[in-house]
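Asks: Here are the chains, one letter per residue:
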Amino acid sequence: MSMHIQNEWDTFAAVMNYPIRAIILTLLTCVSLFNTVLAQKSPTDLHFYTTVAESAVELASNDTTGRASKRLARAEERKIVINPAIITGYLKGGVVDEQVASITRVFMQRLETESVTALKELSATVPNFYIPDYGSKMTSSVYVRGLGARIDNPVVGMYVDGVSFLNKNNFDFDFYDIRSVDVLRGPQSTLFGRNTIGGVINITTISPLVYQGTRASVGYGNGNTFTAQASHYRRINGRAGVSLSGYYRSSDGFYKNDYSGDKSDWYKGAGIRIRGQWVKSDNLSFDNSFSISWVDQGGFPYGKVDTLTGEVQNSNYNDLSGYSRFTISEGFSYKRLLDKHVLTGVTSYQYTDDCMNMDQDFTPDSYFTLKQSQNEHALSQDFVIKPKDGNREWRWLSGVSGFFKYLKMDAPVTFKRDGIDRLILAGANKGLSSVFPGEEIKIEENSFVIGSLFKTAIYGAALYHQSYLKRGKWLFEAGARLDYEGSGLEYDSNAAIHYLFTMTMSKYREVKTIIKGNERLNYLEILPRAAASYTSGQKRFFASVSRGYKAGGYNTQLFSDILQNQMMLDMMDDLGVHLSNSSYSLYSVADVITYKPEYCWNMEAGASYNPGNLNLELTFFDILCNDQQLTVFPSGSSTGRMMTNAGKTRSYGTEVVISYKKGNLRLSGEYGYTNARFLKYDNGHSDFSGKYVPYVPQHTLSAGSDYTVIAKRGSRFFDKILLHIDVKGFGKIYWNESNSLDQPFYSMLNGSLSIHKGGVSLEAWGKNLTSSDYNTFYFLSMGNSFLQKGKPMQFGISLKTNF
Amino acid sequence: MKNLFFLKNKSLFLALLVTSFFAASCEKEDKPLKLTEDGTYSGQLAVDQLDGTNYTSSNVLVKLTPAATDGYVTIDMLQVSFSSKMPVKLDMKIQNVLYTSTSEKITLSGNNIIPIAMGGEFPAYTITNLTGEIKNGTLNLSMMCGSYPLTYSGTLLL
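Line order of the protein sequences matches chains A and B.
The first sequence begins at 1 in our numbering and counts up one residue at a time.
The second sequence begins at 1 in our numbering and counts up one residue at a time.
Any given hint could turn out to be false.
For the chain A half of the interface with chain B, some residues (derived, Cβ under 8 Å), not all of them [unchecked claim]:
no., residue
1, Asn316
2, Ser434
3, Pro437
4, Thr504
5, Tyr508
6, Val511
7, Ile514
8, Ile515
9, Leu524
10, Ile526
11, Arg540
12, Leu575
13, Gly576
Simulated from the structure, these hints should not be mistaken for laboratory data.
A quick note: this is a predicted structure, and the numbers were derived from the prediction, not measured.
For each residue, glycine too, the CB sits at the ideal point set by N, CA and C.
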């Protein structure tokens, strides 16, 4: 048996290796062609600009106010002699810089110093922002200010170079050559629409018009973790630049699967990004970003909790589990300066093809497995117009946007012998054996498939407007969005088995169950926002109120349970037996398959103070959520997960950001407190009113320090040494609605030491250096409790070059 | 227009009814009744328990279907239980029940019939001494089901 499984693993790994190899080969070929062809056209451009812009990036690394961004834009202007207004701020006309909102902006230097390789590693760096690291790269559960979702629609919107990531599955991608990450906390639905009740994440990559040169790095760490990255940025002429970058990353993983003896979280990932920017004239510019990425990994290292000792065992499952994803993203942005207005537009397309294999019982027994293959096309379009003169007393922006995405999901669940015996037949035979001792129902198949095919089309359109009125030291802001969203689900779920009742039947008889149908959802929303700020010298006070909206959706993951129940009822019906106290309840598909949108009102007030090298920010927020969407596990022996509208929730808290820079020392601290509780939540079995919302950390803490040692002029050994150390902490996190299980507050020590000489740097880094013992995820399956332990100490070295 | 259509149909219906009545009157000679269609009855099932008590259940559906062989019917007893201790309800099919008829009633009879239940023959509930009568839309049955005396009385569902 184990041999057989091992072979499956090998085959899976071997098959998935081909695309990664193809990407690496393509990358190498492209780099080669790129250097050969373009170098001939403009050989003199092969120059590394140790630019003002780079200095600006340095300056900006701790900036949370947007000022450094403007300095960066000015630096870009000086360097390339192009009006910066034409090459920056494509997303919503650059409103991110102007918004009265709580923004955390993390720049490249900090990302590299803290060895941030994915969005989840910014947890706590952004206060009250938490993405637990569990499962696989598919599971990007984002929690912000007490709002969050484990499955389906996220609470934050994400943009990378203007490309709207409409599928949460794509949120967890490998970072490389990221210039900045802006996290706008609190609802941004007025400008960004659906699924932004927690905020918006805006990620931008390095611009070839800002930086020219070649960057490369290789790294190695424990867990046999290997990373390689290469990129080249070049200006073709004075008005255009292109870049090509790519990476490869692999790891053996850190969690052992006791069943196979291998690591369960092995990983391979690769990607290419090609970016081109063209300033056609002083009034017209284009920016295109195209990327391909591939992920192939094991996953789901969930360990069963020993009910007697409470200890978390190693993962121990027998069936193939892992995740693979292929993504193509294309974003095309354009800006036109008209006589009195600026028109910006972003057109984006994203293709996702992923596949998740999961041993759903997470035990060595053969209960049932899931293979979920998704194929999605997502298209979005956004236009924004605003006045050209940004210094007017009254400024505004108006926009129109739309999106369409089509998802085809094939999610067959394979029931195996143990699952058939214990999940299906046990219930049926329990009733029969009390009447007919010694007799039983048998199912002929050793395994059978519950096939589920879902086709979902989601589309939306919106009109929005936001005005800014400046009166002396006051800035007033008001806006509203009219947002329509429609969707349709077509489902086809089926299964066939052969059964026999030993008392009366001599031959197996076939019973077929088919559930087919469709559902539709339509919403029309008005999403207003109002804000005011008062700025006096280094002090700034602000307050805002806004309404957020998170789309409703479909519980497709529940179909296996629905069909399993229906199949039992069909079999009993075929047999002419009617259980009076049936444990198999007939689901009303229409009732359980859809869930409603989630709405919230966010009120926040804050202040910032920026004297000299100090930056202080304090924010209070209070969020009232109606119909909050929460994942619950259906009762009984069912294993499905379903989203329900849990009633009312209130979340309030505070965020504190401090940064200080003096000489070569830089200190930073971010703290978030969240008190998120159900005001009203009765799931039909229990009343959870007053309980804390599960999976939300009550505290997030990040405290870090950088110290740079600059070498004396002419040092032969190094130019500078950069020492970084930080502590990140999270908790308490409740794992269930009844608040009976929790993860107490825990902290992790991280650090890095890098030596720089010329264009080369050598870095040693470590994460969770004290090997803190903590858990990142909990769930209940078939009466068993499972936890995923946090990753142990990780460390490694990296060699980086810029030339 | 709609009303006109309705009246037209109503007139047609009345004409047919009158014609049928006269036709039926003409045929009303002492011809025996014949089962040509399925009929479903709803009524009360009573089972004498071995401990001397009586177990009754109401709204029990019984379906009579003419068999392919002339003079026989099949009785389907739907979702029946024979004891309060029985945790499941069963569909039970009694085949090859003989019927005879007069112009006023149909008489059912059968003996030693192994019913079909739970996907096959169910000898534990072998039917003996089955007698029954259909008269004026009422079905009365009496039989031994295994060792349980069973009576049923139901009216035709229209």
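Asks: For which of the previously enumerated hints does the structure constitute a violation, in increasing order of number?
Replies: When the structure is compared with the hints, numbers 1, 3, 5, 6, 7, 8, 9, 10 and 11 turn out to be violated.
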